[in-house]
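**Student:** Dock chains S, C and B against chain G, hints included.
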Amino acid sequence: MNSTPDASVPATAGPGATRMSVAPSLRTLAGWPWGAVLAAVFIAVLAGITAFPQSLSGDDPLSGDITQSLVPPGAEHWFGTDRLGRDVFTRVIYGARYSLLIGLAAMAISVSAGVLLGVASGLGGRWRDEGITRLFDVLSAFPAVLLALLVVTFLGPGLFNIALAIGIAGIPKFGRVVRSQTLLVRRADYVTHAVIYGRSRLDTLLRHLLPNVLVAVPVIATINVGSAIIAVSGLSFLGLGPQPPTPEWGVMLAEGRDILRVAWWAGVFPGLAITTSVLAFSVLGQHLQRRFEGRL
Amino acid sequence: MPSPHPVLKAALLRLGSALLVMWLAASATFVALHALPGRIQDILAGDLELPGLKEAISAEWGLDRSLPEQYLDFIVRIAHGDFGSSYVMRQPVSKIIGSQVLPTVTLALLAGALATLIALTLATLTAGRPGPARRLAATLELGSASVPVFWLGILLLMAFSFRLPWFPVSGDEGWRALVLPTLTLALPTAGILTQVLREAMEKALEQPFVTTVRARGLGELALRLRHVLRHALLPAVTLGGWLVGSLLGGAVITEKVFGRPGLGTVTLNAVLSQDVPVVLAVVLLAAFVYVLVSTALDLLYLAIDPRLQTP
Amino acid sequence: MSHTPPWLVDVAGLQISTGPRGHETRLVQGLNLQIAAGECVALVGESGSGKSLSARALLGLAGEGLRVQAERLQLAGENALSFSPRQWRERRGTLAALVMQDALVSLDPLRTIGQEVEETLLRHRLLPSGAAVRARALQALQEAGMDHPEQRATQYAHQLSGGLRQRALIAAAMAARPRLLIADEPTTALDATVQAQVLALLAQRVQEGIGLLLISHDLALVARMAQRVIVLRHGQVVDAGPTEQVLSQPRHAYTRQLLASVPSAASRGHWLASARAEERPDGRVLIQRTPLPGRSAITAATSLPPQEPLIQVQQVNKNFGRGLQQHKALQDVSFDLQRGEVLGIVGESGSGKSTCARILLGLQEPDSGQVQLLGQRWSGVAEPQRRALRPQLQYIPQDPLSSFDPRYDVARIVAENLPPQDKPARQHRLAQLLDQVGLPAAVLARHPRSLSGGQRQRVAIARALAAQPAAIVCDEPVSALDIHVQAQVLDLLTELRLRLGTALVFISHDLGVVQHISDRVLVFHQGRIVEQGEAAALFAAPSHPYTQSLLAAAQHGSPQAPLALRRAA
Amino acid sequence: MTHHRSTLSSLTALPALSLLALLTAPGSAWSNEAGVPGGQITWGVTTEPACFNPHRSSQQNAFLVIRNYIDSLVGKRSDGAFVPWLAKSWSVSSNGKEYTFQLRDDVRFHDGERFNAEAVKANFDFIRNPKSSAAAASFLEYYLRTEVLGPYTAKVVLSQPDSAFLESVSSVKLGFLSPKTLASEADLCSGGPGLVGTGPFIFEQYQRGQSVSFRKNPAYQWAPAFAQHTGPAYLDRVTYRFLPEYAVRTGALSSGQVDLIEGVQPTDISAFKDVAGFKLLTGPSSQTSFTLNINYRRGVATDIRVRRALRDGFDLDALVKSIYLGTVPRAWSNIGPDNSGYNPRLAGTWGHRVAEANKLLDEAGWTGRDPQGFRTKDGKRLSIEVGYPQPYVRDNRDLLIQGIQAALRKNIGLDLNLRIVSNGEWTKSLTEASWSIYPNTLNPADAALELRDVLGDTGFLYNKTVPDAGKVDTELTGLINEARLQSDLKKRQALLDKIQQIAVDRAYIVPLFAPHYVVAAKRQVEGISFEAQLDSPSNSHDLWLRK
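Just so you know, the protein sequences line up as chains G, S, C and B, in that order.
Basically the working numbering = 1-based index in the first sequence + 247.
Basically the working numbering = 1-based index in the second sequence + 813.
Basically the working numbering = 1-based index in the third sequence + 5.
Basically the working numbering = 1-based index in the fourth sequence + 236.
Note that these hints are calculated values from the structure, not bench results.
Misleading hints may appear alongside valid ones.
[Unchecked claim] When the alpha-carbon atoms are kept at most 25 Å apart in a straight line, the in silico BS3-like pairs for lysine-lysine are as follows:
| # | chain 1 | residue 1 | chain 2 | residue 2 |
| --- | --- | --- | --- | --- |
| 1 | B | Lys707 | B | Lys726 |
| 2 | B | Lys646 | B | Lys557 |
| 3 | B | Lys664 | S | Lys867 |
| 4 | B | Lys595 | B | Lys646 |
| 5 | B | Lys726 | B | Lys333 |
| 6 | B | Lys367 | S | Lys867 |
These numbers were taken from a predicted model, which means no experiment stands behind them.
Isolated chain G, as found in the complex:
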């Protein structure tokens, strides 16, 4: 369960960091390195197939032709079929919806709570800051997997429950980043001197402080969507998330694992889908972070 750590620590340097490419920008497209462009395109495709999976495959993800079970990848079935004869490619396409949506739902929970608490502690007095920081410590003491185990024990398995668990586990990550950003911006000259131009405290907060704090959030969110997807599929793999026959990538991987010896494709392609999606979000996230850091 390798969820990415607090982004306050610069998460990843990634290939082609600006420091290195002294050569003229033949390796970039409109200012974006190729890696980031590919990642952006992949994510766009991912979003597309989440909304309209049927566009890419006509088959029904839930039922297949039983006589066609365990067919290796070929012209008919690009990713082969599973034990019930269902087309693995179709199920991977329909599976995107679950991994992405649960990942984004978890992200929404982490971001909203994280930002609120982060700003509150960053702006608050010593005691409020201390209190919220302790809250972050308590929350981060429960890694996503274990928190999910607790939630599922009480509320039962299911999509929303694991999204809730991963969301809660992600709050400290965002909270700490927003808090350190708030502390930084709060002391910057353009905030402390705003009073000279007749800005009220509230006006300064809204015009200068918050925008400069929140500008970092989408960047960190992009980087962490990847770790949310890994967490989601991990929990489904353990059987805590959506139940069969849902075509969720983690569930498909767990099913594929039992027939690994005779049908490698049932296990390999869902895993590949998870990895490439996570890779895409990480690469895009890093690029945004470098552009953002370049700006600050």
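**Tutor:** What follows is chains S, C and B alone, placed relative to chain G:
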């Protein structure tokens, strides 16, 4: 010598906050338990329909007494490591967990050590050096950080157990049974750790003191090992807490992939059989381990950076 | 006073370039440099002139991606061009050593001073035993003028004062007794008095026979230290030769301009940027400056009766921290600012100048005493009451970039002080303000990050003027700028005062700048005003000993003065 | 009227012998090559017993472990005949209500206690006592008391004749624990040395989540008649390792970590069948088939048309063939094809009539369709839940139900919703009769007993505590009670055939396939066999290692 007084003060402060966090974590679970719909006996009994079970539970947890008394009793019991008894397995939770801790801890420690080793060597070798080596390392790290633990496990299983029978598929005998699970758990963590270390090293390499050290005639490797590495350890140390969390979480999954016994398997079965006391105990223990490790690492951070020691 | 070979350093036609083959850009071109033992040569130029780069090249530390070529590059008689990386490493620290600007970041903060000094000795295995290494390190600290070196050796850089840190840095460089020392802006981060002590230490090393290559942007400092000087501009040598000759008879217009633009008591009452240096028949060069027009009667229109001071500061005290660490920043400070007046505040870092500025601006409340602006209470009132008066008092920071919101372009930054008005009127007013500070209207759409240091400072001034203030508090407004740009900004401030009658509170640690621009001067020392008065009179005959020591340290500073001194000594 | 074999026992003997049983159990009872004593063997089994106490456990997979330390009064041979074990001989009274057993006098429990009539009485009374909540109590439904006629003579008195009593007594669930253990009221579920039986092995050590191991009982001279050898076990020690994951179990055997495994999934058979160094054995299917038992007194299942549509709405042959790769036959009745009570005439009478199924559902009013393609009536979707208890999920059976789920959705728009439930949740739904479909096989081998447990008036279909549930099929329960009493073989079989025909025709049950145990082992492991009474592999008494 920087007077020991401030370091001691800082250490006590850290330990104090650690205890506070542990106490808060325990209270959080207590509150969560009580916030749930339905009576505590029903929740703790899960779905077991044994005669006299509900009465036994309310007696053991003292549910008839007032809430504060229950709370106090709960905290005291946890402090003594008594997490009550599992009604599904009909034996004390501490016995169940006690017997299963060793394999999980060995796996987590080995994986953590391997990940740190990989991260240190890779970061030291590639930080700041232009050319293909660094770009290749960066891509590898990004790739390994994106691979889900369970998929990596499956791939390794396919390659090294089915195709080439070098390593056993599962079980807990001897070192050979540890190789694949440790690799599975270590690689993704190593990916992220290496990136953080290399990033920190490259930031340190931009500091002016690096030019001074080079002007003294030190080579690149000596510069990295004697000077830059310590600077890179600072952000890496703050990652300690996250590392523990991800190793424990990853262990649960790795044990399922490799069919290894351990806390992961016990917890998973407990969840599937609605054995609340066991799940509660494992999660709380993991939280305590997390707090202790991150506090220890905080103190290490203090020791490394003298700038924090003077008042 | 020329030296015959063998040279310690003998460089001819040095060229440093970057970029891929074919269309690389030349950073340094055609540099000839000879240094003998017991001699100090200075490389002078503004930032970006390539002086640091050239110095680093002498140690083979030019950096990744740069190509170093030269007709001749001899170090102590050896041809450095053919050195292998291993050969370079063996000579660094033993043959040649480097001292850099700020010891706080030039020493490894995580290691003790002792460890830093010992490293060179250990690396080159110069001494048989650990004890011998430790003894030599303590000796090096001693020679660098450190008090009780045993205790200092165990301390870290952040635990020492600026001066002591710099001494530690020099001790570390000199531990292996190198024959050549390269000092890159060794004292820029220090206050005048401490600067003088460190320079004396370096001068003593030169007397003892080492070769010293001094890199600096400060002409005065170079005049004091170097036998020969080379002036660099955009990587090319514009003037070179014995210091006395270069400073008194600068060949190149750029050098002349450089000399002429140094603000000092001599340049008071004259435009600075337009100063010219003419060559007299006997070869000496005199600086011609055009005087300022007489002080015009117009002053900023205010509702104040004529003789009321703009700002009154009465018995202000300010302390930070509690108990034994309490730091008394300001101790019963009182002064007035008259309308249209330029009040100079001078003093070393930590003397309370900035705290005074923050209290003047109402960013901080004094512990006791009070401040009045335009006759109304300014300190000790809630901010909303002050809002009405805010436009009257504006601020120009030292680092303009950090006072701009990173998301704003120039237009939105300057418009912060404009009253709400419709777009066309606003656009016109903005263009007018930019014109006032000498910037084209096109700059409005650009982002401050893409502007030069001087341009950014002009944007900050434009923002201040937008409020049509009665007075502007300037905290070290020009200390981060190169001499040319500094001269232009100072002239701009003078012009605004003449045309708009805006009063200025001008805070700086640079005595020359304060002497040039201020009407009256306050001298701050450890939170107190030790002396105040009309500028020319005060500096002509300073009464307080601190002011005298400040003047003496700075006296060395003016380029012409030392020549006389040197001849007399 | 005492002679070696009672009239009743012969009733269930010869006719049950079916060719299939012989064929599928090669190398079991017939290799009489003398075994080599010594050495130890490690099993890889699918399930960690939830409870080690024979009286309380109801997990079929747990019995193959428990059989190592528990003996029974009587043994059942693979041909169905009952042979002496702890009882040398036995006789039945003319009214069929009294069974008198002559016990062996040389049997001792592992704790040294003698096995005698008192021990038999103590065990049966303990099981019958409701406080011990023993699952085996259903076997002693008509048990009144045990009379100790002599130290080694025990007479068991029933309230009414029970044609399946000998069958029950031969089950491990009525095996014998030392009276001292019973008296100690210890919670025997968690295993450990406290569990004292008389079996060929003695309980040595149990590591939760990992394995359980037994050591040889050197004094064991009372092996059952059907055993391949008398006297103590060959092996010194035997270990059962719990490997729930298919791939892990298969890999453990192929990499030599274990000596033999049970629960080889169809896709892994090719790794061991006709492969050098390994052998593959398949057990009999005399228990019940894996069947969907439908609660026809609740919800949409009360309508017989819906039940028949569900029964016939999918191609069972294709599903079983593709998932089990032809290694198991599909089932026509809930009674196993190797069971003597099996009704062979049911073959071909039902299944795979999609058009008819759709017609039935239309008649039943389920004419609407919702966006997911399911039928609806007055806005409510046609949905039935299959609650599968987690401890019993194995052998790709959940996958088979998912296949049926997908087929029913596509063919007739019926939402068969599979949900894995915890053991606790299943028992609660049983008491509240809130379950709708329960998929499983059942332990008792006697056909009449099995039918009673499912469809009989004391089976889990007719829970008396829920009065308002739908109408009970009294004709069916009547037939079952009659069969339980009927001692005449031909009449009993006719009754059994009729019961099975009604159950399938009225779609109270949907039989799926006849499971059997598949054991894969290293070539050197000899003496592997299957216990007729349970279909599962026998204990390790006869196992030995060829050097």
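**Student:** Hint compliance check: list the failing hint numbers for this structure, sorted ascending.
**Tutor:** 1
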